[in-house]
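S.K.: Work the whole structure out from these sequences, hints included.
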Amino acid sequence: MVGKVFSCSFSGFECRTIEVQADISQGLPAFSIVGLGDTSVQESKERVRTSIKNSGARFPQTRKTINLAPAEVRKQGSLFDLPIATSILLADEQIHGDKIENAIIVGELSLTGKVKRINGALPITQYAKEQGFKKIFLPKENALEASFIEGIQVYPLENFRELIEHCLGLKTISVFPYSKIFQDRKKTSPLLFSNIVGLEKAKRGLLIAAAGGHNTLLYGSPGCGKTIACRAFRSLLTEMTKSEILETTKLFSITGLLNNETPLIRERSFREVHHTASLASVIGGGTRPRPGEISLAHNGVLFLDEIAEFPKKILEALRQPLEDKYININRINSSLKFPSNFILLATMNPCPCGYKGDKKISCICSESQIKTYQKKISGPLLDRFDLFIEVAKTSMGKIFTEKENKTLQKNYLHSIATATKIQQKRFKNLNSINKNADMNLKEIKIYCPLSRDAKTLLNQASKNLNLSNRGYLKTIKTARTIADIGQNEEIKQEHIAEAIQFRSKTS
Amino acid sequence: MNTKKLGKFGEKHAESYLNSTDFHILKTNYHCKYGEIDIIAIDRSTPQQQLVFIEVKTRSTVAFGQPLEAITRTKMQRLRKTALTFLNFTIKKIPKRWRIDVIGIQLNSDYKFQKLIHLKNI
Numbered sequence: 003m004v005g006k007v008f009s010c011s012f013s014g015f016e017c018r019t020i021e022v023q024a025d026i027s028q029g030l031p032a033f034s035i036v037g038l039g040d041t042s043v044q045e046s047k048e049r050v051r052t053s054i055k056n057s058g059a060r061f062p063q064t065r066k067t068i069n070l071a072p073a074e075v076r077k078q079g080s081l082f083d084l085p086i087a088t089s090i091l092l093a094d095e096q097i098h099g100d101k102i103e104n105a106i107i108v109g110e111l112s113l114t115g116k117v118k119r120i121n122g123a124l125p126i127t128q129y130a131k132e133q134g135f136k137k138i139f140l141p142k143e144n145a146l147e148a149s150f151i152e153g154i155q156v157y158p159l160e161n162f163r164e165l166i167e168h169c170l171g172l173k174t175i176s177v178f179p180y181s182k183i184f185q186d187r188k189k190t191s192p193l194l195f196s197n198i199v200g201l202e203k204a205k206r207g208l209l210i211a212a213a214g215g216h217n218t219l220l221y222g223s224p225g226c227g228k229t230i231a232c233r234a235f236r237s238l239l240t241e242m243t244k245s246e247i248l249e250t251t252k253l254f255s256i257t258g259l260l261n262n263e264t265p266l267i268r269e270r271s272f273r274e275v276h277h278t279a280s281l282a283s284v285i286g287g288g289t290r291p292r293p294g295e296i297s298l299a300h301n302g303v304l305f306l307d308e309i310a311e312f313p314k315k316i317l318e319a320l321r322q323p324l325e326d327k328y329i330n331i332n333r334i335n336s337s338l339k340f341p342s343n344f345i346l347l348a349t350m351n352p353c354p355c356g357y358k359g360d361k362k363i364s365c366i367c368s369e370s371q372i373k374t375y376q377k378k379i380s381g382p383l384l385d386r387f388d389l390f391i392e393v394a395k396t397s398m399g400k401i402f403t404e405k406e407n408k409t410l411q412k413n414y415l416h417s418i419a420t421a422t423k424i425q426q427k428r429f430k431n432l433n434s435i436n437k438n439a440d441m442n443l444k445e446i447k448i449y450c451p452l453s454r455d456a457k458t459l460l461n462q463a464s465k466n467l468n469l470s471n472r473g474y475l476k477t478i479k480t481a482r483t484i485a486d487i488g489q490n491e492e493i494k495q496e497h498i499a500e501a502i503q504f505r506s507k508t509s
Numbered sequence: 002m003n004t005k006k007l008g009k010f011g012e013k014h015a016e017s018y019l020n021s022t023d024f025h026i027l028k029t030n031y032h033c034k035y036g037e038i039d040i041i042a043i044d045r046s047t048p049q050q051q052l053v054f055i056e057v058k059t060r061s062t063v064a065f066g067q068p069l070e071a072i073t074r075t076k077m078q079r080l081r082k083t084a085l086t087f088l089n090f091t092i093k094k095i096p097k098r099w100r101i102d103v104i105g106i107q108l109n110s111d112y113k114f115q116k117l118i119h120l121k122n123i
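Going down the list, the sequences are from chains H and G. Each residue of the first sequence is one higher than the one before, starting from 3 at the first, in our numbering. Each residue of the second sequence is one higher than the one before, starting from 2 at the first, in our numbering.
One or more of the hints may lead you astray.
Said to hold, decoys possible - Between beta-carbon pairs, the in silico distance windows are:
1. G:H32 x H:S336: 53 to 61 Å
2. G:R74 x H:S112: 25 to 33 Å
3. G:Y35 x H:T114: 40 to 48 Å
4. G:D23 x H:Q44: 52 to 60 Å
Read the hints as simulated data drawn from the structure, not as lab findings. Heads up, the beta-carbon is just placed ideally off N, CA and C, and yes, glycines get one too.
M.R.: In structure tokens form, the structure reads like this:
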């Protein structure tokens with residue numbers, strides 16, 4: 003007798019239906035699992051055996067063979083415990099299969115028969131729905147996370163006995179109700195952008211960056227407020243759309259960063275990475291490839307404080323995802339693709355001692371020292387920044403004179419909302435483009451009409467500043483955002499002028 | 002009841018079971034330097050009158066596992082070697098077909114017979 007249930011495995015961002023077949027035949031007691039499972043799949047034998055016994059069912063004393071089909075797909079993780087146990091009871095004819103027909107079953111078992119939480123419940127549920135499955139049985143702790151998918155019945159399981167009783171018709175598990183994705187109105191960021199005193203140029207630049215999604219580099223002497231301005235940037239981020247929430251949450255689900263308090267990522271992520279981080283943790287990877295910080299920052303911000311201290315390897319690896327908005331992780335036995343559409347925010351000092359260009363303190367670095375320091379950031383990476391902001395020190399006396407202005411934050415958010423609305427209207431028919439910074443040459447030609455004197459200014463500046471082709475286009479994109487903030491249809495000379503001002507790195 | 006007695010008790014049960022079916026018992030407790038075979042019999046239900054080597058496992062409690070779970074790979078190897086010794090030295094004409102069976106006997110806590118499982122050709 004063969005018992006068959008459906009389960010699901012995921013590698014990277016992609017899921018696959020896995021058929022779990024159990025065969026029970028005469029012979030000495032033996033239990034084998036075939037179908038390219040890793041160690042945790044092999045170890046599930048012991049968990050399955052004891053939890054069947056401890057759930058009031060009988061573990062058959064014959065030859066049991068489990069096949070995980072398709073056989074050529076590598077299977078990982080403990081989420082096959084529950085389907086394996088179920089298929090054994092089906093094959094032993096202890097339960098009937100009609101209640102779990104057309105259903106995906108996932109879950110890890112403990113020795114007592116308790117069903118434990120798994121990673122990736124959200125992408126699995128979404129995939130199950132897309133594949134036309136009607137039901138999904140999963141751990142109770144994952145139910146909330148899975149309930150955000152509409153059109154599939156979510157059955158939460160506390161222990162294996164519940165599933166047995168459900169199949170026998172003794173007790174019915176009630177379906178977990180569908181939860182609506184709701185957007186967060188209140189921000190958790192304790193630091194408001196309006197709390198920053200002075201730094202007018204930096205604030206203006208960051209405002210533009212937030213409105214158009216532009217990559218920004220801040221540089222200045224130590225203690226001038228670069229880092230604090232970047233952290234306050236978080237309070238400028240706009241609300242996420244429902245599809246963005248779902249996408250980012252899926253990445254967090256795979257990484258196992260969700261819990262019942264935060265079943266959804268409703269706020270744009272702001273990932274601050276320290277410069278000692280390893281390549282795999284930033285880019286993604288590992289023996290069981292998982293998303294790195296750049297993917298967790300998807301639809302949000304990746305903040306690299308002291309970018310010059312980062313290993314060159316990490317910085318250069320950022321080049322491709324910055325351009326393509328996704329990262330390919332290639333290993334011998336798998337090739338994975340994770341989305342990574344983020345705003346890159348970085349800070350650095352102009353030189354090793356940090357005071358180059360400072361008005362009061364003189365720099366003590368030699369010319370060659372400065373050269374080596376600045377060489378740490380390669381030209382191609384620098385070219386990918388849209389805005390360069392030189393942060394000048396503000397005199398501390400201002401701290402007490404400047405009154406706290408409550409409407410200030412509102413004004414900031416208002417101008418960003420205006421620009422966002424214009425962009426949403428502009429790109430509503432385009433799939434991959436949501437922000438001005440995402441535009442390619444084709445879109446720039448359509449959506450960025452330049453006035454004649456703006457064009458003249460831009461051409462002249464590109465000659466003087468030796469702008470690359472990419473830099474040229476990025477300047478137009480920045481100018482587009484500046485025009486959007488001012489609610490101008492056409493990009494005028496003043497917009498280009500401001501964009502160029504943020505483009506030129508003086509030191 | 003000690004283990005030796007328990008084993009004997011089970012073997013007696015197995016013998017009476019075999020006698021009641023189509024088996025003809027040739028020898029019990031065959032010894033050689035490799036080990037022991039509990040029962041050697043001829044299965045008359047098979048067309049070739051197959052020679053069968055039977056290992057009997059008796060358990061009075063399942064606390065340490067089911068009777069058949071006690072048959073490990075080394076035990077199987079020992080059985081096979083002993084069977085081959087028997088075939089080579091004890092009988093004149095080696096039959097073409099022979100097999101090894103296992104009989105698991107489960108007793109309840111009062112040492113009363115509960116269940117018998119006969120696994121053929123393992």
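S.K.: With reference to the structure, classify each hint as holding or not holding.
M.R.: Structure-based check of all given hints:
Range check, H32 (chain G) to S336 (chain H): Cβ separation about 57 Å, and the 53 to 61 Å hint holds. For R74 (chain G) and S112 (chain H), the Cβ-Cβ distance of about 30 Å falls inside the hinted range of 25 to 33 Å, so the restraint holds. The given range of 40 to 48 Å is respected by Y35 (chain G) and T114 (chain H), whose C-beta atoms sit roughly 44 Å from each other. Here the CB-CB span from D23 (chain G) to Q44 (chain H) is close to 42 Å, at odds with the stated 52 to 60 Å.
Hint compliance for this structure: hint 4 alone is broken.
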